[in-house]
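Asker: Which chain is which? The protein sequence lines are G, L and D, in order.
Position one of the first sequence corresponds to residue 1 (the numbering used here), numbered consecutively onward.
Position one of the second sequence corresponds to residue 1 (the numbering used here), numbered consecutively onward.
Position one of the third sequence corresponds to residue 1 (the numbering used here), numbered consecutively onward.
Do not take every clue at face value.
Derived lysine-lysine pairs resembling DSBU-like cross-links, with alpha carbons at most 35 Å apart [said to hold, decoys possible]: (1) G:195 x G:117; (2) G:117 x L:305; (3) G:56 x G:79; (4) D:198 x D:99; (5) G:117 x D:99; (6) G:117 x L:309; (7) D:99 x L:309; (8) L:188 x D:99; (9) G:182 x G:56.
None of these hints come from the bench; they were simulated from the model.
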Amino acid sequence: MKNVLLSARDLSIQFGGVVAASNINLDVYEGENLAIIGPNGAGKTTFLNICTGWLKPALGTVTFLGRDITAHAPREITKLGIARAFQIPQLFAEHTVLENMLLAASAHAGRWNPFQKLDAIPERGAMMDLLALVGCADIADATARHLPEGKRKLVDIAIALSLEPKLLLMDEPTAGVASSEKFGIMDMIVAALSKRGVTSVFVEHDMDMVTRYANRVAVWTTGAILREGAPADVLSDPEVVRTVIGG
Amino acid sequence: MPWRAILIIVSALCLLAAPFAAGWVQSFLVLAIAKGLAVLGIVVLLQAGQVSFGHAIFFAIGAYATAFISRAMAGGELVSLLIVSALIAGLVGLVIGLFVVRYRYIFFSMLNLAFSMVFYSILEKFFHLTGGSDGIRVLRPSVLGVVLERESFERLLYVVTILCAIGFGLLVDRYLKSPLGQALRAIKSNETRLEYIGVSARRVLLVAYVVSAVLCSLGGVITALAQGLATPEYAFWIRSGEFVFIAILGGASHVAGAFVGALAFEGIRNFAAILFADGWQMVLGLMLIGVVLFASEGIAGLWVKLTAKTAAQKSEAAQ
Amino acid sequence: MSAQTLALAFFDGVAYAALVFLVAVGLTLIFGVMRILNVAHGSLYAFGAYASVSLVTGIGLMGWSPWLAYPALAIAAALVGIVLGTAIETLLLQRIYAKEEALQLLVTFAVFMVLENVQRLIWGVQPYFIGEPVQLLGNISLGGIEYTAYQTLLLPLIAILVLFGLRLFLKGTLAGQIILAVTEDREAATAIGINAKKVFLITFIIGASLAALGGALAAPTTSILPGMGTDMIVLSFAVAATAGLGQIEGAALTALLIGLGRSFAVYLAPEFEVLTPYLIMVLVLLVRPQGLFARPEARRI
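Just chain G, same shape as in the assembly:
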């Protein structure tokens, strides 16, 4: 039996009249790639928000490596080993791509010496390697504000990876990336994750990505988990096909 890395128990929250989470129970196992699918507004991003401390659930708990993190702030949860890449990429708009990475690396390494320049930190080489991994080495000196959507996504993921997390949460990782490049890049990311023993949870709308990369799938619908299991079983389930895949 594999180790449970993250455990969500009885999570419930609602906004006004909208139920964003209702009795969510889910375990994330070490080393797996878990895909979360479901129609828009089903509560997938809300789940990620709760797990990373951005939202406090009305009911329920989130445990990470045996520790209750329900009331923790995103900052603390990040330091515990959960990194996040967002649906709308969150970059430091006025810094260059490399500087974005260097800031994350400094934070992770605890480099707060006021006399060392940011571009001179020793992690610079490793950051360039990470950028190469996601195919963004050539735009290292571009200002984040000017990047096209697909590249923003990839830089967002690279920033999350630079934090050397145990668990990586990705929200639609290749949305906006050119179709010709999607598989190539995702191949590299998943290979890197596997090499570093990083568990991943990724929200996806593209079923090709799900079949290709997920070990397990959880289906969200109106704040609850409809089905959960191996991709082949879940994706052929008639109710899943009806609610999520359509047709």
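Chains L and D: place on chain G using the hints.
Answerer: Then chains L and D, alone, in the frame of chain G:
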């Protein structure tokens, strides 16, 4: 960057030589550069996009700490005055900062304003302690044990001011280029992401706040020593506004902007005071509006644009 | 503290709260709709006071009926609100709506500096006093103590009228609904054809007039000094922030809270008179950073 070092050395030499040209230049420069130090504090906070409308409180703390110590110790000693006043201001900055860094933008600005005006009214009202609106006289301190005549002391104060400006300018420049300083700019562009790389925005801002408090107080110490007086006006909101104006005028993108802006501002202000004795505050306000509307990057920004243009032209010509 | 002093402090506090409310509600209304903190609000208050001094003194010089002072106060407020309000919004604010908050704040701060200077140029630094409007209404006797009807009855009455008037206007009229729509979602409102520019101008004029009204009504109760603008901007911000920026009804409550707090401080511990409003604000914000009545906004990522 060799040409930067050359620029600093040349400016330093010019400044040192200036008083020999005309006597009044020295006192003008001391006050202007001291103001520049205070403005440097504002520039630090501006990196995070935060404007404090109340930093005159630290300027006044520097001045009054100097006044109290000099009164208690028959003048005191210069270097220790600078250090002790800075420490006191840093401490107060830490206390106020702990509260104020939970806020952003309007709240940050106005809360700082409120604190400074409370301090101002304390300075004014408790006159048996603070001398009221007349203030407290500041006696001339010795320097490392040596008692100086007025002229020599003023000359030395001038040199110390220039050294402080260059020294702190370089230190702050280093700080702003370090991860801690760059995190300030990250607060401005995406505080969410900052939290999500595990950094406490509040802590980053608090460090900046204490640094800014120390810088402002140093400006206050030098001004009090130069003018021989500490008055409640040092904490008044108009003075805070001046600091912010100079920061925008000089340009918040570069450390030198604080000093260039201060020199430009003091020059214009003296000029305007001669022309519009009763209206210089209005002139200031109108200029601030003008700068915000038409040149919000300030003098430093214009300089950057100019040098970028010349560099682009040069590379075009080379091709 | 005797029952008499208690009563004095209470009525004093309520009168003061009424004035502060008028200024604070204008400030909070402007912020709620336009998301700009008008630092010049304090000047508008001061200008309202000085303008009413000029008008009332003028009435006295012309030998007209002293009862004309009351409409004069209202006219002074309206004049200041409309003239200065329009000037500030059309010449300056319109240009900075798209700029970053720090710069917006700087501009209104600069306007404040300019207006403070203009005020000094026009009216000088000497104190003014126009006591007739208060004296005319005479005193009323409550529990054996004499109070001025102006402060005990008129001021709170006007404040209550303004509060309910604003409420009625915003919720019950088309214009008010349009203002509320722009407040809630500027983009959506513009998308359905609402002229946000006009809404901003009208809102600013209303807010400015309210500040000026506060000043005009305050003029007969105290001596008018050059620093009154500064005191009032920080105070009205304290009231608005404690309630939550944009909260109109809340501002009435916090105005009372702070007005009474300050008033009791005057009678109990006079040195703390100036500190009390800020102490209250700091204590509230420590516990509820967004203000007493504001709904914490859901941050979206």
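Asker: Now, for every hint given, state plainly whether the structure supports it.
Answerer: Results for each hint:
1. G:195 x G:117: Status holds; Cα separation ~31 Å.
2. G:117 x L:305: holds, 24 Å
3. G:56 x G:79: holds, 18 Å
4. D:198 x D:99: holds, 19 Å
5. G:117 x D:99: holds, 31 Å
6. G:117 x L:309: Roughly 27 Å between the alpha carbons, so the hint for residue 117 (chain G) and residue 309 (chain L) holds.
7. D:99 x L:309: Status holds; Cα separation ~25 Å.
8. L:188 x D:99: The hint holds at about 14 Å.
9. G:182 x G:56: Holds, at roughly 34 Å.
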